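*Asks:* If you're matching them up, the sequences are chains A and B in order. According to our numbering, the residues represented by the first sequence are 27 to 344, in order. According to our numbering, the residues represented by the second sequence are 3 to 547, in order.
Below, in silico cross-link-like pairs of lysine-lysine (DSSO-like), each with a Cα-Cα straight-line distance of 30 Å or less:
(1) B:LYS404 - A:LYS34
(2) A:LYS167 - B:LYS354
(3) A:LYS185 - A:LYS236
(4) B:LYS4 - B:LYS171
(5) A:LYS339 - B:LYS280
(6) A:LYS250 - B:LYS343
(7) B:LYS242 - B:LYS320
(8) B:LYS131 - B:LYS157
(9) B:LYS415 - A:LYS34
(10) A:LYS235 - B:LYS415
(11) A:LYS344 - A:LYS264
(12) A:LYS167 - B:LYS358
(13) B:LYS8 - B:LYS191
(14) A:LYS250 - B:LYS398
(15) B:LYS368 - B:LYS340
(16) B:LYS387 - A:LYS236
(17) B:LYS157 - B:LYS22
(18) B:LYS358 - A:LYS120
(19) B:LYS280 - A:LYS256
(20) B:LYS144 - A:LYS139
(21) A:LYS236 - B:LYS368
(22) B:LYS12 - B:LYS22
(23) B:LYS305 - A:LYS167
(24) A:LYS139 - B:LYS354
(25) B:LYS415 - A:LYS236
(26) B:LYS432 - B:LYS415
(27) B:LYS248 - B:LYS187
(28) A:LYS235 - A:LYS185
(29) A:LYS256 - B:LYS345
(30) B:LYS41 - B:LYS152
(31) B:LYS340 - B:LYS41
(32) B:LYS354 - B:LYS368
(33) B:LYS404 - A:LYS236
(34) A:LYS54 - A:LYS118
(35) B:LYS404 - B:LYS337
(36) A:LYS114 - B:LYS358
(37) B:LYS358 - A:LYS250
(38) A:LYS84 - B:LYS391
(39) A:LYS114 - B:LYS354
Hint data in this document are derived by calculation from the structure and do not stem from the laboratory. Just so we're clear, the structure is a prediction, and the values are computed from it rather than from any experiment.
Below are the chains, spelled out letter by letter.
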Amino acid sequence: MNIPWVEKYRPQTLDDVVGQEQIVTRLKRYVDENSMPNIMFTGSAGVGKTTCALALAKSLLGEYWQQNFLELNASDARGIDTVRNEIKSFCKLKAVGSPFRIIFLDEVDNMTKDAQQALRREMEMYTKTSSFILSCNYSSKIIDPIQSRCAIFRFAPIKAFEIIKRLKYIAQEEGIEAEETALENIVYFTQGDMRRSINILQASTTEDKKITEDAVYDVISRAKPKDVRKIINKALDKDFMGARDLLRDILIVEGISGDDLITQLYQEVTEMSTSGLLDEENFVKIMEYMSECDYRIREGANPRLQLEALISKFLLVK
Amino acid sequence: MKWVEKYSPKTLGDVLGNAKIKAEIEVWANNWSKGIVQKPLLLMGPPGVGKTTMAHLVGKEYFSETIEVNASDKRSYDILKRSIGEASQTRSLFQDGYKLLIMDEVDGINGRDDSGGVRAINETIKNTKQPLIMMANDPYSKRLTSIKSKCQAIKFTKVHSNTINAQLKRICANEDITYDPEALKTLSKQSNGDLRSAITSLEAIVDANKNITMESISVISKKDGEQNIFDTVRTVLKSKNPEHVKDAMRVDAQPSMLIEFIAENIPREYDRVDEIAKAYEMIALADLNLGRAFRTQNYTYWKYAFLFMGRGVAASKKQTYKKFARYTGSSVFQKMSKSRKRKNLVEAVTNKMSVKLHTSPKELEKQLPFFEILFEDNEMAYDLKEYFKLEDEEVKLFRSRKIPASVEKNRIKELKKQQKLEEKEIQKQKKEQEKQKKEQEKKKKEQEKQDSNLLTKKSEETKETTGTVSKKRKTKKESETTIKNETTNPTIKKQIKTIETTQKTKKEINKKADKKIENKKSSDDLTDEEKPKTKKYKQTTLFDF
Chain A
27 MNIPWVEKYR
37 PQTLDDVVGQ
47 EQIVTRLKRY
57 VDENSMPNIM
67 FTGSAGVGKT
77 TCALALAKSL
87 LGEYWQQNFL
97 ELNASDARGI
107 DTVRNEIKSF
117 CKLKAVGSPF
127 RIIFLDEVDN
137 MTKDAQQALR
147 REMEMYTKTS
157 SFILSCNYSS
167 KIIDPIQSRC
177 AIFRFAPIKA
187 FEIIKRLKYI
197 AQEEGIEAEE
207 TALENIVYFT
217 QGDMRRSINI
227 LQASTTEDKK
237 ITEDAVYDVI
247 SRAKPKDVRK
257 IINKALDKDF
267 MGARDLLRDI
277 LIVEGISGDD
287 LITQLYQEVT
297 EMSTSGLLDE
307 ENFVKIMEYM
317 SECDYRIREG
327 ANPRLQLEAL
337 ISKFLLVK
Chain B
3 MKWVEKYSPK
13 TLGDVLGNAK
23 IKAEIEVWAN
33 NWSKGIVQKP
43 LLLMGPPGVG
53 KTTMAHLVGK
63 EYFSETIEVN
73 ASDKRSYDIL
83 KRSIGEASQT
93 RSLFQDGYKL
103 LIMDEVDGIN
113 GRDDSGGVRA
123 INETIKNTKQ
133 PLIMMANDPY
143 SKRLTSIKSK
153 CQAIKFTKVH
163 SNTINAQLKR
173 ICANEDITYD
183 PEALKTLSKQ
193 SNGDLRSAIT
203 SLEAIVDANK
213 NITMESISVI
223 SKKDGEQNIF
233 DTVRTVLKSK
243 NPEHVKDAMR
253 VDAQPSMLIE
263 FIAENIPREY
273 DRVDEIAKAY
283 EMIALADLNL
293 GRAFRTQNYT
303 YWKYAFLFMG
313 RGVAASKKQT
323 YKKFARYTGS
333 SVFQKMSKSR
343 KRKNLVEAVT
353 NKMSVKLHTS
363 PKELEKQLPF
373 FEILFEDNEM
383 AYDLKEYFKL
393 EDEEVKLFRS
403 RKIPASVEKN
413 RIKELKKQQK
423 LEEKEIQKQK
433 KEQEKQKKEQ
443 EKKKKEQEKQ
453 DSNLLTKKSE
463 ETKETTGTVS
473 KKRKTKKESE
483 TTIKNETTNP
493 TIKKQIKTIE
503 TTQKTKKEIN
513 KKADKKIENK
523 KSSDDLTDEE
533 KPKTKKYKQT
543 TLFDF
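With the sequences and hints as input, model every part of the structure.
*Replies:* Pasting the structure below:
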């Protein structure tokens with residue numbers, strides 16, 4: 027039975043967690059003391075926030091952790107109603123078989139301010155029976171009162187050598203021969219994101235149980251939005267409507283996310299600069315605007331309108 | 003009596019402007035009165051152009067009765083069903099002919115307060131046996147999309163300012179008012195094609211001396227431009243006059259909608275690339291503020307959003323264009339409706355995956371390409387499908403080919419095999435456990451037997467009995483075991499002898515038990531290989547006892 031390796035090889039205990047040594051040491055102390063404050067994990071995707079939360083919950087709550095652990099991720103409707111009803115009714119009950127109960131909320135930065143306000147109440151009211159683990163990509167999007175009620179742990183991207191070590195371990199367990207350069211390519215592309223790295227590893231495994239540089243390159247380019255260079259070229263040819271239409275196709279029809287596309291645009295523009303297709307002055311100008319655009323998208327602006335504005339800047343390149 | 007009522011047309015013939023539309027409506031009404039069932043009418047157009055008047059006049063001239071529901075009433079599903087829904091099913095009791103149902107401002111049905119209102123209207127349209135006329139202001143309203151297709155939609159245009167001017171003059175003559183013709187002209191223009199507002203304004207500015215001058219006009223402010231969204235877009239893109247743009251931005255439209263319409267048409271109007279880039283920068287700023295307003299639930303940010311998307315975009319052009327540009331709605335909406343099916347699928351699938359992978363659907367969406375590759379392999383596809391509990395339809399997100407049925411068969415076979423293996427394993431374990439139990443029992447019995455042996459030895463009959471037992475057994479059991487027994491017999495005898503000797507040396511029979519066991523153990527250790535055999539023998543002999 028095949029299952030996704032991300033889940034198959036998810037570390038089950040705090041000791042197994044890859045990287046984040048300092049955070050893990052602190053978390054272990056909570057286990058020793060058999061209590062924990064409200065915690066907030068912040069950091070980009072795939073750096074171990076959920077893994078740490080699950081491992082911590084298991085070691086704190088013991089055998090009956092599943093009954094005393096509530097995981098709400100962004101797929102569950104998380105308006106005020108959820109906070110008020112589901113979380114409340116879970117918190118109200120005393121833990122059975124465990125010292126207390128833990129609520130794990132993923133992507134809190136995507137909750138509305140109102141829901142966050144409601145959450146803040148719950149965090150205050152049930153301190154005796156329950157503790158919260160919140161997880162988010164950007165703590166700046168969390169209202170201050172919640173931040174002040176949490177111990178905040180910032181997860182850094184996992185270091186390249188640690189990811190490679192883990193990938194090698196997985197390959198060994200699966201009986202796979204992996205080229206060193208292939209693994210390096212994966213790590214270079216994923217920039218400290220373990221989940222992505224493992225997914226690419228699994229996707230690049232060929233039928234004869236080998237991972238080659240070519241296979242990795244294939245997988246990575248499949249995951250990249252297509253036609254990004256075409257958008258830029260159309261804009262450079264002053265065909266703004268054509269460029270905009272392509273952009274909309276990628277974002278709306280293909281369903282590529284805004285931050286993925288802007289990363290891709292960044293790479294393409296950098297490549298154009300190194301290959302001399304874009305002079306320095308224009309390159310810097312475009313990058314200046316791109317950084318602003320990137321920031322706005324992360325702040326919650328409409329990615330498509332922001333990107334349309336970004337490509338309109340290419341029109342100015344002479 | 004207000005002038006608006008006093009001078010409102012009394013017959014269809016009196017209605018000003020929109021002559022073609024008038025004819026179309028009359029044909030519709032005529033057909034009804036002949037008993038030919040017609041699609042409901044949907045009259046769309048800006049306020050004050052005579053939609054309601056026309057509808058009521060049609061009711062008066064062609065039908066026996068008119069029933070009206072308008073925006074001042076609450077229009078939830080239940081209420082609509084009860085009022086107009088029922089009326090649409092029944093015919094009048096006392097009069098012949100049809101009842102005309104009029105529903106005003108259908109686009110104004112509030113999504114929250116009038117829950118199910120649109121559904122009720124749709125049902126009424128579907129089932130009605132009576133003529134129905136609906137009115138709406140905004141032809142682009144989202145709420146109309148489902149209704150529009152089921153109706154005969156008629157678009158009213160604004161009344162021309164000359165027509166308005168003429169009507170105002172007529173009223174003035176009738177009311178004995180002296181007027182400055184320029185004043186009336188301005189008033190007509192200012193009303194922006196809204197005859198009703200022009201008449202209302204006229205009545206408001208007439209002073210005690212029944213006189214109208216340019217001065218009196220300056221008293222009343224221009225009617226707030228309830229324009230349609232394209233008028234706004236046109237003004238923003240065409241005009242460089244901040245006042246005009248400011249007025250135009252007063253349009254009653256969702257800012258998120260308006261920004262799309264303006265952004266869409268920037269490159270259609272503006273030709274210079276620097277203007278496009280600058281205007282789009284303004285759009286981006288406006289969007290940023292809309293986002294802030296939404297996120298913080300603090301809608302004061304909207305004022306900046308409106309400022310940037312209106313005056314910001316307008317000021318981005320160096321000079322006004324004197325060309326005809328064809329404006330359109332945003333292609334975004336078409337693309338979205340096209341991709342909606344896929345979006346729903348992605349949502350359903352990533353939600354299922356997120357349960358298993360403890361990862362947010364948003365993050366998973368980015369990793370779908372990797373899973374797409376994994377799904378290429380038939381067996382992997384089958385396993386993942388089972389793991390995530392996906393439906394056949396949902397697998398289509400990853401692969402267009404179906405997973406061959408043979409894969410499932412093989413997998414089930416394998417599973418069964420595995421199950422059998424596991425069962426066997428379990429049975430093996432059980433057997434071993436039983437064996438262990440038996441061995442333990444044997445040990446116990448051994449002890450007991452030794453005890454009993456000791457007792458019998460005490461009476462010095464042991465040698466004989468064991469001899470006879472071994473003979474009996476030979477006849478019952480297979481030869482193999484008998485051979486073993488024969489070989490083991492002497493060892494046992496030895497054991498017994500050793501026990502006997504220890505016994506003799508101690509010569510204390512009552513306290514022996516514990517020590518005997520110890521001795522037995524030590525002897526067992528000495529004859530390790532023969533141990534199990536001796537046990538078997540002893541057991542059988544015990545049964546024979």
